Amino acid sequence: MANFFALVKLNFLAALSSMRMGSKKRSVSGMGTLVLLAGVSLYISGVYSSLFAEPLAQAGALSLLLVFMSLGAVLIGFLFSLFAAQGMVFGTRDNDLMLSLPISPFSLMLSRTLALYLENLVSTVFVLLPAGVIYLWYGGDGGILVLPILLVCTLFLTLIPTLLSLVVGFLLALFSSRATHKALMGNLMNLVFLVLLLLGSFRLNSIAAGLGAAAGGIRAAFQGWGLPFLLVEGAVCRGSLLDLLALCVLCLLPFLAVVWLFARRYKAIVTGLTARSARSDYKLGRLSSAGQRRALLNKEARRWFGTPAYLFNTCVGLILLPGAGVASLIYRSSIQEFLILAEGIPLAPLLVVGACFCLSTVAITGSSISLEGKYLWLLKSAPVSPTQLFGIKAAFQLLVCLPSLLIGTVLLSIGFFLSLPEAILLLVNNFLFALTCAPFGLWLNLHFPKLDAVNDTVVVKRSLSAMLSSLLPMPLLVVFFLLWFFFMIQLSSLVLLAIYAVILAVAAALSCLALLRQGPELFRRLGEK
Amino acid sequence: MLNIEHFSKTYPGGKRAVDDLSLHVAPGEIFGFIGHNGAGKTTTLRAVSGVMDFSQGTITIDGHDVRTDALAAKKVTAFLPDNPDLYEFLTGIQFLNFIADLYEISGDTRQNLIAKYAGAFQLTGNLGSSIGSYSHGMKQKLALISALIRQPKLLILDEPFVGLDPSAAHLLKQFWAELCAAGSAVFFSTHVLEVAEKLCHRVAIIKQGKLIRMGVTAELVGDSTLEDVFLELEGEGHG
Chain A
0 MANFFALVKL NFLAALSSMR MGSKKRSVSG MGTLVLLAGV SLYISGVYSS
50 LFAEPLAQAG ALSLLLVFMS LGAVLIGFLF SLFAAQGMVF GTRDNDLMLS
100 LPISPFSLML SRTLALYLEN LVSTVFVLLP AGVIYLWYGG DGGILVLPIL
150 LVCTLFLTLI PTLLSLVVGF LLALFSSRAT HKALMGNLMN LVFLVLLLLG
200 SFRLNSIAAG LGAAAGGIRA AFQGWGLPFL LVEGAVCRGS LLDLLALCVL
250 CLLPFLAVVW LFARRYKAIV TGLTARSARS DYKLGRLSSA GQRRALLNKE
300 ARRWFGTPAY LFNTCVGLIL LPGAGVASLI YRSSIQEFLI LAEGIPLAPL
350 LVVGACFCLS TVAITGSSIS LEGKYLWLLK SAPVSPTQLF GIKAAFQLLV
400 CLPSLLIGTV LLSIGFFLSL PEAILLLVNN FLFALTCAPF GLWLNLHFPK
450 LDAVNDTVVV KRSLSAMLSS LLPMPLLVVF FLLWFFFMIQ LSSLVLLAIY
500 AVILAVAAAL SCLALLRQGP ELFRRLGEK
Chain B
0 MLNIEHFSKT YPGGKRAVDD LSLHVAPGEI FGFIGHNGAG KTTTLRAVSG
50 VMDFSQGTIT IDGHDVRTDA LAAKKVTAFL PDNPDLYEFL TGIQFLNFIA
100 DLYEISGDTR QNLIAKYAGA FQLTGNLGSS IGSYSHGMKQ KLALISALIR
150 QPKLLILDEP FVGLDPSAAH LLKQFWAELC AAGSAVFFST HVLEVAEKLC
200 HRVAIIKQGK LIRMGVTAEL VGDSTLEDVF LELEGEGHG
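Just so you know, the sequences run in chain order A and B. Quick note on numbering that gives the first Met the number 0: the first sequence kicks off at 0 and runs consecutively. Quick note on numbering that gives the first Met the number 0: the second sequence kicks off at 0 and runs consecutively.
What the hints contain is simulated information worked out from the structure, not anything from laboratory work. Here the structure is a predicted model, which means the values were calculated and not measured. Treat the hints with care, since some could be wrong.
As the list claims (entries may be wrong) - FRET-style restraints, in silico, Cβ to Cβ:
1) Arg524(A) - Glu177(B): 33 to 41 Å
2) Ser166(B) - Asp451(A): 31 to 39 Å
3) His135(B) - Leu470(A): 36 to 44 Å
4) Asp164(B) - Trp259(A): 41 to 49 Å
5) Arg285(A) - Asp81(B): 30 to 38 Å
Unchecked claim - These stretches of chain B come out as covered by chain A in the derived footprint (C-beta under 8 Å, 3 or more residues):
6) 46-53
7) 82-88
8) 106-118
From the three backbone atoms N, C-alpha and C, an ideal C-beta is built for every residue, glycine too.
Using the sequences plus the hints, can you model the full thing?
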């Protein structure tokens, strides 16, 4: 048992270490990122709990707040840990060492899964705790025991997103380990899960839209698949020990059973993942030179396409933006009716906010330096200047964004009946935002590099730089939204778009300037002991 | 070819890894750098190759200062660390092409050089496979090929014989001799003292960051062996 807890501690420390803020700032440990995650969860929970609480309290169904927020906590945890399980549980670099130790595969897998669980626990607690406080604020039943019981429920509820992520990770690892072209198979599998995830979220939206205000209808909708959330309601609001016990059994038993089941295939999967297909019949043909820039750009492309975790954590926005454009064409007539109703209110600025939100998720440069990791010596000893290297890395992100940006912008412009000047300004704004994000991500990654991660997944999903490069551009979008909200009557669409463009041009210039001024020195210091 | 003048390196935290090191390596020379673990060999090699920044002393390669004229210095250098990690998402040939592109080697030249070195190391057939599928020794050979195709004026290697099979090690020595005959120089660290004694025109022994002995190998060794000299020097200061 002591061995098992030592393993859990080791894996949790490894997870925390993956979030650590670079060598210069060791004193600020990986806890910083957990605080960030907790903050995001707290914010989301605070906003939605307040939003739901009042109408639910008026309808006499306040306890449903905990049902909704439990579901929200599970979804946030699942989204956060999805695609991470494969790397954290199956793809760590210390597999050889661990498998040679006298530890059962079940213990090893459980310890690694629990590290994932502990991370999920942070987001779950910080989603449910504010919900509990707001529930009490609006006069919910249960009294003083609400929060302690809610915390106990959280311990079990967190097992659900962990289990779901584990299943996804297992399937990804299983198929990848059997495939000859692992990266290709990984990419295809990730694509399938991404599509399923998007379809699932659309289904949830339709469920939420169809629930109406009737509490009975809502509860009926949660029967079956949503039983754990109803059990949380029963345990917390009615103090039902039976519900708490049922929740414990319902979450814990499947979790342990699945871990045990997967552990039986653990060594085979891990072995399969490390085995690569090799051939020995290569014949040297005619070779041609390409130049430094093209060589570096090709390398970036091969890494992006060859690392499924990297590709699928940075491509969602690339799919969403043209997807939104296609949707706007499909619902063009509805949009036209809405535009007639909302006459005078400029919508093009809102399209900038939406499109830029999609682009902010394409944070390729946010992990680009960290992924050099053990290969850093190659670039540092090569006759390539840091600025040239930064230029290539930023250019790659822009190149990846451009097709999606162009298609998305054109389709949205048609779908929303934008005038030509509006469409051009929308395009300019989107491009300037992409131009801001690419060097900004690099600048962040140089400040908070993670060069010694146990695998690429933790760099892409868990490193501080990767998270910040997606989150930090958001305040800019909030500013844009507020500008629209307060000035939509006074200012025309074109004026607002022009103001955005000026702000984004300044942001892009500052971002490039910061990278060029500080980047080379930060790059030189990378990898120093 | 290589001039190191009063080079010192202190790591964050205060550990002085190298203290006032001065040495030079002449064209056509094979220079061995010897010392115990943590003596400062790797730190020196990393500074020379431009991988690590430093603030005290000057290092020039073929007349180019590695700090102020870094790109020119790197252009004439090939560096291999003790455990060279290569991009595992590339195939062997893609990696060699990548390196050749960075060093702006023409298509015909790279083709001839890759054919020569990959053929010699018996790696040609494997060049189409991803580097992730290579064994440690194959990666080591690929790294060596990537260094040799650059035809560097200064070849810097950290423990180059670790992981190489005897025939590959033999080949490597031959290629060094070829390079040196063409006016290049080889600067390498090793723990294999027999190799250093047989191969090096000159050796330097470093201890706790300080240079404690340097000279022509034959003169330094005299009637003894390099191992005896090294152990004797290592023993000094231990009572």
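Closer than 8 Å Cβ to Cβ for three or more residues is the test here. Does the region 46-53 of chain B pass it with chain A? holds (count 5)
A range of 36 to 44 Å was offered for this pair. Does it hold for the Cβ distance of His135(B) and Leu470(A)?
holds, 40 Å
Q: Look at the Cβ atoms of Ser166(B) and Asp451(A) and judge whether their distance stays inside 31 to 39 Å.
A: holds, 35 Å
**Asked** Do Arg524(A) and Glu177(B) keep their Cβ atoms within the hinted range of 33 to 41 Å?
**Response** holds, 37 Å
Problem - C-beta pair Asp164(B), Trp259(A): status relative to the range 41 to 49 Å that was hinted - result: The hint (41 to 49 Å, Cβ to Cβ) holds, given that Asp164(B) and Trp259(A) are roughly 44 Å apart.
In terms of beta carbon proximity below 8 Å, does the region 82-88 of chain B have 3 or more residues touching chain A? Check passed, 5 qualifying residues.
* To do: May I ask you to test the hint 30 to 38 Å on the CB atoms belonging to Arg285(A) and Asp81(B)?
  => Check passed, 35 Å falls within 30 to 38 Å.
For the region 106-118 of chain B, does the count of residues with a C-beta closer than 8 Å to a C-beta of chain A reach 3? holds (count 6)
Consistency with the previously given hints is maintained throughout, with no hint failing.
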